Structure formats: C-alpha cells, structure tokens
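Colleague: Listed below are the residues making up each chain.
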Amino acid sequence: DQQVKQNSPSLSVQEGRISILNCDYTNSMFDYFLWYKKYPAEGPTFLISISSIKDKNEDGRFTVFLNKSAKHLSLHIVPSQPGDSAVYFCASKKNRDDKIIFGKGTRLHILP
Amino acid sequence: GAGVSQSPSNKVTEKGKDVELRCDPISGHTALYWYRQSLGQGLEFLIYFQGNSAPDKSGLPSDRFSAERTGGSVSTLTIQRTQQEDSAVYLCASSLNADTQYFGPGTRLTVL
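Chains as they are written, first to last, in the numbering used here: chain F, 1 to 112; chain Z, 1 to 112.
Derived from the structure by calculation, the hints contain no laboratory data.
A quick note: this is a predicted structure, and the numbers were derived from the prediction, not measured.
C-beta: ideal position from N, C-alpha, C; glycine also.
Please note: incorrect hints may appear among the correct ones.
What the hints assert, rightly or not - Footprint (simulated), chain Z over chain F, 3 or more residues, beta carbon under 8 Å:
#	region
1	38–50
2	100–112
Claimed, not checked - Only pairs whose alpha carbons sit at most 20 Å apart, straight line, appear in this in silico SDA-like list of lysine to any residue:
#	chain 1	residue 1	chain 2	residue 2
3	F	Lys93	Z	Leu39
4	F	Lys99	Z	Ser9
5	Z	Lys57	F	Tyr39
6	F	Lys54	Z	Thr100
7	F	Lys94	F	Lys38
8	F	Lys38	Z	Gln41
9	Z	Lys17	Z	Gln83
10	F	Lys104	Z	Gly51
11	F	Lys104	Z	Phe45
12	F	Lys99	Z	Lys17
13	F	Lys94	Z	Leu39
14	F	Lys94	Z	Phe45
15	F	Lys38	Z	Pro61
16	F	Lys99	Z	Lys11
17	F	Lys5	Z	His29
18	F	Lys38	Z	Gln83
19	F	Lys104	Z	Gly40
20	F	Lys99	Z	Gln83
21	F	Lys38	F	Asn22
22	F	Lys104	Z	Val74
23	F	Lys99	Z	Asp56
24	Z	Lys11	F	Glu42
25	F	Lys99	Z	Gly51
26	F	Lys93	Z	Gly3
27	F	Lys71	F	Ser12
28	F	Lys99	Z	Ser53
29	Z	Lys11	F	Gln2
30	F	Lys94	Z	Phe65
31	F	Lys94	F	Glu42
32	F	Lys56	Z	Thr100
33	F	Lys99	Z	Phe65
34	Z	Lys57	F	Gln2
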C-alpha cells in the first residue's frame, strides 16, 4: 500500500517556464512533508519542507504548496533551469520522530 | 568529509552469498535510515534507528535482512543468502533529531 504517490513518472518543461511536480498522500496522520532532489549516482539531497500548520513555504525559486483537505502537495520551480533536471522525491512523516516515507519520484527534464 | 559515507560503493556477489553494507553517518546524528532503490522504483524504506529506541524494522522485506547500529554510530546492513531480486542501490541516511535527512552516495548491489 503506497502511502505517498507521485503519479507522473516524468515531466518535461521548457527552460524558463514553471515546473510543477505533484504528490498525493493517503495517511491523514502525516504531519510533515519534504521534497528531495536526486542526480544520477548520487544520494538524494533535501530541497524544501513544509509542516501541516502551513499551506505554503517558499525558498528562492522553489515553493511547496500543501492542501491538507485534498491530501495533496506540489512543488513549483520557477523559473526552471537546466540544472533542475533530476528526479524529485516527495516524502512524508507522521511526527518529528517518525520514519520518512518516500514516493517513487518524478523525473524532471528541463528542455533548452 | 563531514557527509554520510557508505562502503563499498559497488558490490557484485553470487546468489546465495551473504553481504554486508556499511554506513558511517554524520557525527552526532541520532537517527539513521536504510533505504533501497531498485531499478525504476522509488526509495523503499527498510529500517530506522533513532537514538537508543528499538529500531523500526517494519520495512525489511524478509528475515534474510538485518541491520545493526553499534555505539549509536556506524551501521551495517546484512543480507543473507542473497537473491537476484536483492539487486538494488542501498542508501543510508542520517539526521539530527529525525529532521532533514542527509543521504550517502549509496552501495550498488548486483546479485548474479
């Protein structure tokens, strides 16, 4: 039973445009949400997070939106840059001390 | 370096052999996680150590898999009687107080 779902395995976006990566979760107990970025042959690196008390968190070109009623979050990257091409993982956990559960990832291609 | 390190970086073994994968977390990090990523799949949670608490082993796929964390630092993931379906990249991550995880580069395991 997959608790964190990223239904788009891949996404292609023109350089300079907005990239929107989506994530859905099923466990209403999840309280904290994270996005990770992964390049080939490297471990994932933390990108941005949001707690359930907020609906938006912004860090430079990256913004995460959380819709708790819909159990949905999204990552917006604007403007998209070539270095953004990577696999993006959505992740969630129930509380501070709980394990983190990852989605299957979305491969983002930024087109020149 | 101050990051998470894993060894070996690559391991090729024959079906039925035992393997040990090592993870050196960031010094002082209380939480340590093991994940695996099979080809074309997302990050599958395996096991989670948090301080002196009993580890969360709920992700281990079979009793052939076990992990230890000695002295609250180095961790070893052991796979006994390896099978071809065990082939994957095994990723270790550590975090301080279960916040943002920092991942190592992974160990690529190939079972022939």
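Colleague: The structure should be examined with respect to each hint, and the outcome stated for every one.
Modeller: Cross-check of the supplied hints:
Remark: the region 38–50 of chain F is confirmed as covered by chain Z, as 7 of its residues place a Cβ nearer than 8 Å to a Cβ of that chain, reaching the required three. Proximity of the region 100–112 of chain F to chain Z, defined as three or more residues with a beta carbon under 8 Å from a beta carbon of that chain, is established by the 6 residues found. Of the supplied pair hints, the one linking lysine 93/F and leucine 39/Z is violated, its CA atoms being roughly 24 Å apart against a limit of 20 Å. A threshold of 20 Å between alpha carbons decides the hint, and for lysine 99/F with serine 9/Z the separation of about 25 Å lies outside it, so the pair is violated.
A distance of roughly 28 Å separates the Cα atoms of lysine 57/Z and tyrosine 39/F; the hinted pair therefore is violated under the 20 Å criterion. For a cut-off of 20 Å, the pair hint linking lysine 54/F to threonine 100/Z stands: about 18 Å separates their Cα positions. In summary, the hint linking lysine 94/F to lysine 38/F is not supported, as the alpha carbons are separated by about 23 Å, beyond the 20 Å threshold. For the suggested pair lysine 38/F and glutamine 41/Z, the alpha carbons sit about 13 Å apart, so the restraint of at most 20 Å is met.
Among the hinted pairs, lysine 17/Z with glutamine 83/Z is consistent with the structure: their alpha-carbon atoms are about 9 Å apart, no more than 20 Å. Annotation: proposed proximity of lysine 104/F to glycine 51/Z is violated, straight-line Cα distance about 28 Å (limit 20 Å). For the hint linking lysine 104/F to phenylalanine 45/Z, the alpha-carbon distance of about 11 Å falls within 20 Å, and the restraint holds. Of the supplied pair hints, the one linking lysine 99/F and lysine 17/Z is violated, its CA atoms being roughly 30 Å apart against a limit of 20 Å.
Distance hint between lysine 94/F and leucine 39/Z is unfulfilled; the C-alpha atoms sit about 28 Å from each other, more than 20 Å. Of the pairs offered as hints, the one joining lysine 94/F and phenylalanine 45/Z holds, with about 15 Å between alpha carbons and a cut-off of 20 Å not exceeded. With a CA separation close to 24 Å, the supplied pair lysine 38/F and proline 61/Z exceeds the 20 Å bound. For the suggested pair lysine 99/F and lysine 11/Z, the alpha carbons sit about 27 Å apart, so the restraint of at most 20 Å is broken.
For a cut-off of 20 Å, the pair hint linking lysine 5/F to histidine 29/Z is broken: about 29 Å separates their Cα positions. Pair hint lysine 38/F plus glutamine 83/Z does not hold up; C-alpha atoms about 27 Å apart against a cutoff of 20 Å. Restraint check for lysine 104/F and glycine 40/Z: satisfied, since their Cα atoms lie roughly 9 Å apart, inside the 20 Å limit. Proximity of lysine 99/F to glutamine 83/Z is assessed by CA-CA distance (about 27 Å); at most 20 Å being required, the pair is judged violated.
Note on lysine 38/F and asparagine 22/F: the hinted pairing holds, with a Cα-Cα distance of about 16 Å set against a maximum of 20 Å. With a CA separation close to 27 Å, the supplied pair lysine 104/F and valine 74/Z exceeds the 20 Å bound. Distance check on the hinted pair: lysine 99/F and aspartate 56/Z sit about 8 Å apart at the alpha-carbon level, within 20 Å; holds. The suggested pairing of lysine 11/Z with glutamate 42/F holds, with an alpha-carbon distance near 16 Å, which does not exceed 20 Å.
A threshold of 20 Å between alpha carbons decides the hint, and for lysine 99/F with glycine 51/Z the separation of about 13 Å falls inside it, so the pair holds. At most 20 Å may separate the alpha-carbon atoms for a hinted pair to count; lysine 93/F and glycine 3/Z exceed this at roughly 23 Å. For the hint pairing lysine 71/F with serine 12/F, the CA-to-CA distance comes to about 24 Å; that exceeds 20 Å, so the pair is violated. Distance restraint check for lysine 99/F and serine 53/Z: the Cα-Cα separation of roughly 13 Å lies within the 20 Å cut-off, and the hinted pair is therefore satisfied.
As the CA atoms of lysine 11/Z and glutamine 2/F are separated by approximately 29 Å, the hinted pair breaks the 20 Å bound. Under the criterion of a C-alpha separation no larger than 20 Å, the hint pairing lysine 94/F with phenylalanine 65/Z is inconsistent with the structure, at around 25 Å. At most 20 Å may separate the alpha-carbon atoms for a hinted pair to count; lysine 94/F and glutamate 42/F exceed this at roughly 27 Å. Annotation: proposed proximity of lysine 56/F to threonine 100/Z holds, straight-line Cα distance about 18 Å (limit 20 Å).
Our distance criterion of 20 Å between C-alpha atoms is met by lysine 99/F and phenylalanine 65/Z, whose separation comes to about 18 Å. Taking the CA atoms of lysine 57/Z and glutamine 2/F, the gap is about 17 Å. The hint holds against a cut of 20 Å.
The structure fails to meet hints 3, 4, 5, 7, 10, 12, 13, 15, 16, 17, 18, 20, 22, 26, 27, 29, 30 and 31 from the earlier list, while all remaining hints are met.
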